[in-house]
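Those sequence lines, one after another, are chains A and B. Residue numbers for the first sequence follow this note's numbering, so the first one is 532 and each next one is one higher. Residue numbers for the second sequence follow this note's numbering, so the first one is 532 and each next one is one higher.
Hints may be right or wrong, so weigh each one.
Pairs involving identical chains hold if they fit within one copy or between any two copies, as the list cannot separate such chains.
As the list claims (entries may be wrong) - Think about it this way: if two alpha-carbon atoms lie no more than 25 Å apart in a straight line, the pair counts; the simulated DMTMM-like pairs of lysine to aspartate or glutamate are: (1) Lys623 / Glu559; (2) Lys563 / Glu540; (3) Lys629 / Glu558; (4) Lys623 / Glu696; (5) Lys563 / Glu640.
Calculated directly from the structure, the hints in this document are not laboratory data. All of these numbers come straight from a predicted model, not from anything done at the bench.
Number of protein chains: 2
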Amino acid sequence: MSDEMGLFEAMYNCRAMRRLDTREVPEEDLVKLVDAANQAPSGSNMQGARWLIVRDPEQRQRLADLNRRGVEAYIGPQTGRPDALPHQSADKRARMLKSVVWQMEHMHELPALIIACMEFGQPVDAATMARGGGSIWPGIQNLLLAARALGLGATPTTLALGDREAVAGVLNLPDTMGAFCLIPVGYPLGRFGPVTRRPIDEVMRFDRWS
Amino acid sequence: MSDEMGLFEAMYNCRAMRRLDTREVPEEDLVKLVDAANQAPSGSNMQGARWLIVRDPEQRQRLADLNRRGVEAYIGPQTGRPDALPHQSADKRARMLKSVVWQMEHMHELPALIIACMEFGQPVDAATMARGGGSIWPGIQNLLLAARALGLGATPTTLALGDREAVAGVLNLPDTMGAFCLIPVGYPLGRFGPVTRRPIDEVMRFDRWS
Chain A
532 MSDEMGLFEA MYNCRAMRRL DTREVPEEDL VKLVDAANQA PSGSNMQGAR WLIVRDPEQR
592 QRLADLNRRG VEAYIGPQTG RPDALPHQSA DKRARMLKSV VWQMEHMHEL PALIIACMEF
652 GQPVDAATMA RGGGSIWPGI QNLLLAARAL GLGATPTTLA LGDREAVAGV LNLPDTMGAF
712 CLIPVGYPLG RFGPVTRRPI DEVMRFDRWS
Chain B
532 MSDEMGLFEA MYNCRAMRRL DTREVPEEDL VKLVDAANQA PSGSNMQGAR WLIVRDPEQR
592 QRLADLNRRG VEAYIGPQTG RPDALPHQSA DKRARMLKSV VWQMEHMHEL PALIIACMEF
652 GQPVDAATMA RGGGSIWPGI QNLLLAARAL GLGATPTTLA LGDREAVAGV LNLPDTMGAF
712 CLIPVGYPLG RFGPVTRRPI DEVMRFDRWS
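For reference, chain A alone in the conformation it holds in the complex (with noise of 0.2 Å):
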């Protein structure tokens, strides 16, 4: 795999692709990008992550009407108030909701909505779901670098989650597994490019913070 993309290039090109063609993306492609989800680690190594590759028409018109739901009850406190994402300027911050808006508007369309979940081995509650961020999202990071070096876009969501029971009944999940979020993949309209971040000073300290 020496020719594969360089690790430190892919972390610093990986931007949110939002705005994704229709165009069908190989399923072994698809599946690359679970797989190298399933290498990340996870609490007690109980590897409970799974992974559901929705490309089904309905299914995805499906999730993309829970997406809906949640993107309005988002967008709609925020449009009209001018303090809304502070820390973002205010032309970054329209960017971004009109992206999120173009994925709302689209996501039926998308040619796979992967979904990221966890089997916690217990019913799922609040609680349950508050104790799976650390064994999921490592995976959900390996996913989106593989999409980054695979040339395809993928940026997670998780606005179409919101109601869980509602989206256990669209994916059949058992009452053992809850959805984490919502990962639409498709080859990008627009082009990669370097993240912007905040300057490292500002987020680093040596030995204590103040």
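Please arrange chain B on chain A, whose structure you already have, making use of the hints.
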């Protein structure tokens, strides 16, 4: 960066390395780890992740003491029960527990302890922490992969951080910051190698779970 480690090579060979040498790690490399972590995505691009690199001997001793308390509480109920961690073979479980105990005994001597924190912009409680996972663990995974590429061992543990007030006291965290995990970093005493995970057929489905 064409001579850097490939993305998939790093992901598939990123074993949990708990036994580490006491040899110092160049500051430049520790900063590279945090810089890689800082590139990861976060919910609504809030970029609340914060990173502490602890090298001061007294600070490491304090964290090692907190970790010992957490490990003893974790290990205590498991060692006596043959059905503990049932997802793993008895042999594998015994090896993992031995390495957790090794880490406990040696934590104060390890060259650097990196603490992954989140700045929430409001006082932290358990509910706040539960919401933060998706914005901190992708960065932690970037850090682990970067460590692998630099030949460093790094395995996160949450056992040191159960007593939130004590941790905040040691690290001088404001009440708006929470600590999610502690990652000892150093040159591994063992050898890197491929991870072993459940077969993909067990963890992946198309369209619906059942």
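Cross-check of the supplied hints:
{"no.": "1", "hint": "Lys623 / Glu559", "in the structure": "neither (35 Å within a copy, 31 Å between copies)"}
{"no.": "2", "hint": "Lys563 / Glu540", "in the structure": "both (19 Å within a copy, 13 Å between copies)"}
{"no.": "3", "hint": "Lys629 / Glu558", "in the structure": "neither (29 Å within a copy, 41 Å between copies)"}
{"no.": "4", "hint": "Lys623 / Glu696", "in the structure": "neither (34 Å within a copy, 36 Å between copies)"}
{"no.": "5", "hint": "Lys563 / Glu640", "in the structure": "within (22 Å within a copy, 39 Å between copies)"}
In summary, the numbered hints that this structure violates are 1, 3 and 4.
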